[in-house]
Each structure stands twice: as C-alpha cells, then as structure tokens.
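Chains H and X, in that order, give the protein sequences. Position 40, counted from 1, in the first sequence is what the numbering used here calls 40; the numbers after and before it change by one each time, with no gaps. Position 27, counted from 1, in the second sequence is what the numbering used here calls 27; the numbers after and before it change by one each time, with no gaps.
Each hint should be verified, as a subset may be incorrect.
Said to hold, decoys possible - Here are the computed distance ranges between Cβ atoms for each label pair:
| id | chain 1 | residue 1 | chain 2 | residue 2 | range |
| --- | --- | --- | --- | --- | --- |
| 1 | X | Ile75 | H | Gln165 | 42 to 50 Å |
| 2 | H | Asp179 | X | Arg26 | 21 to 29 Å |
| 3 | X | Thr19 | H | Ala15 | 26 to 34 Å |
| 4 | H | Asp179 | X | Ile64 | 55 to 63 Å |
Unchecked claim - One-sided and incomplete, this derived list gives chain H residues near chain X with beta-carbon spacing under 7 Å:
| id | residue |
| --- | --- |
| 5 | Ala15 |
| 6 | Phe21 |
| 7 | Val45 |
| 8 | Glu47 |
| 9 | Glu51 |
| 10 | Gly146 |
| 11 | Gly157 |
| 12 | Pro160 |
| 13 | Ser173 |
| 14 | Ala175 |
Calculated directly from the structure, the hints in this document are not laboratory data. Nothing here was measured: the structure is a model prediction, and the numbers come from that model. The C-beta atom is built at its ideal place from N, Cα and C for all residues, glycine as well.
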Amino acid sequence: MDRESELALVERVRAGDTAAFDDVHAAFNARLFGFLARLTRSRDVAEDLLEETWLRFVTHADQLRADTRLAPWLFTVARNVHITWCRARAVETRTAATLDLWPSPAAAASPFEQAATSELERRIERALASLPDDAREVLLLVGVEGMTPSEAAAVCGVTPEAMRQRLKRARASLARRLDDPLRAPVFRWREVEP
Amino acid sequence: MTVHEQPDALLGALGRLSTPLPATARGARTRARCHGALARPRPRRARAIDRLLPVAVVAYGVIIVVEGLRMAGLI
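I would like the entire structure built from these sequences, with the hints used as guidance.
Structure, rendered in structure tokens:
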C-alpha cells in the first residue's frame, strides 16, 4: 500500500467508512494474527487478542491523526493488548501456582511447526519460539514484518538506538539457537485455558 | 546521513516464514462487530471532552506563564 492510498484510507476510516475498514482489515489481519500468534504461542489467544486490537482500532478511528501510519499504529495496539494479556496471565499463573489446582497444560506440536514447509523453517520457528518475549517481538517486527528499526522502536516505545541494540542482541540469540539445536529447547504448543 | 545496512540473511529468512491465517468465521464476526462500532456515534459527553480538553490545556498553560511573569515582577 503506497503512502497516498494509506492517507486516503485513514481519512475514510476516520469518517466511519466501513468499506475502508474492510480494506485495512484485509491488508493487516493476517499480519497481525501472525505477530500475535507467534507472541502468545496460542492460536485461540491470538484470535482473541486480534479481535481486541480491531475493536480498539474502530473505537479510536475518529481520533486518528490524518497522517497516521497504519502499520506502526496497529502493531503498537496489538503489542499493548498482548502486554495486558501477559499481565493478567501472570496473576492467574501465580494464583494457580499458590493454590496448586491447575494441571500442567498438555504439550502438542506448534501449528507453525506443522505448517512449516521446510526443515529450516521449522528450526527457525522453534528457535524463535524459545526466545524471551522482548527478543521475539523485535525479530517479528523487523524480520517478519519488515519494519525499519525506527518504526519498530516507535511500536515498542524505545529510541531507535535502543532498538538497534535490542535487535542486535535478539539476532545473535536467534543465531546461537539455530547453530546449536541443544540451546533451542523443543517448543511445545500450549493451549491456554480461558 | 542515511546508513545503508547489508542485507541480513537471518532476518531475510524470518521474512520468508509462512504466514499463519486466522479462522475465517472469527474474522467475519470481528468485522461485523467493528462495522457496528464504526456506525455507532460516540457519546455526546466524549465528543465534548475531546473538544474542551485542548482548550483547557492551553488555558492552563497561559495561566502558568502569566503567573510566572507576575512572580518575576515583569508584569
């Protein structure tokens, strides 16, 4: 999508045009889902967070600035929605651990691993899933989504220089895991209980 | 100055990963909910706050500046 079309689309969404919303949805839905699914490692949770992201988008549609860049805006919201979910989940996990009521979730192969078309892709997905959240999100934004470090910095709320450092560390960490399979624990897909 | 970075094979490999697709039915439901939200006018109170907030911020700033000048004995 070129910048001119993007600006026109933003203008129409601000005016409440549902057809314009559909165009934005078609352009970003799969990308946002991939980002959220790789962050949460759960298809069901990713779909919930994706819906929340779109609802926030339309709730704030009339407050969008005329020069809004849709990709950074939407990925920032998706990231914030994910952070909120992580915080809520941390509280739940702590409570459950204290009470010792919930069994460990069943392990299964990740849908990404199953869908991966090559062994290399499977290894990358596995290594990516084994990284800490902050490293994974940087690689997803810059590597998978093709954002510049400056754009990714805006999404994560850090300076471009801090983002470059974070990207360098995350990339090195991913490379180490790919070089040494023993460092990349076999990732197991978790279905998170609601 | 623009810094031209070398293409990175590892980041390039990430860019070629398969894109997972969300469930179609769920997407249709989300779109319907969003259409409903877009069609709904915002509450009058929220719109009034949107209009008044910048005015209040500017007025507060003016008061601070005037008070600062007055305390400095400039006016």
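#### Entry: Unsatisfied constraints (hint numbers, rising)
2, 5, 7, 11, 12, 13
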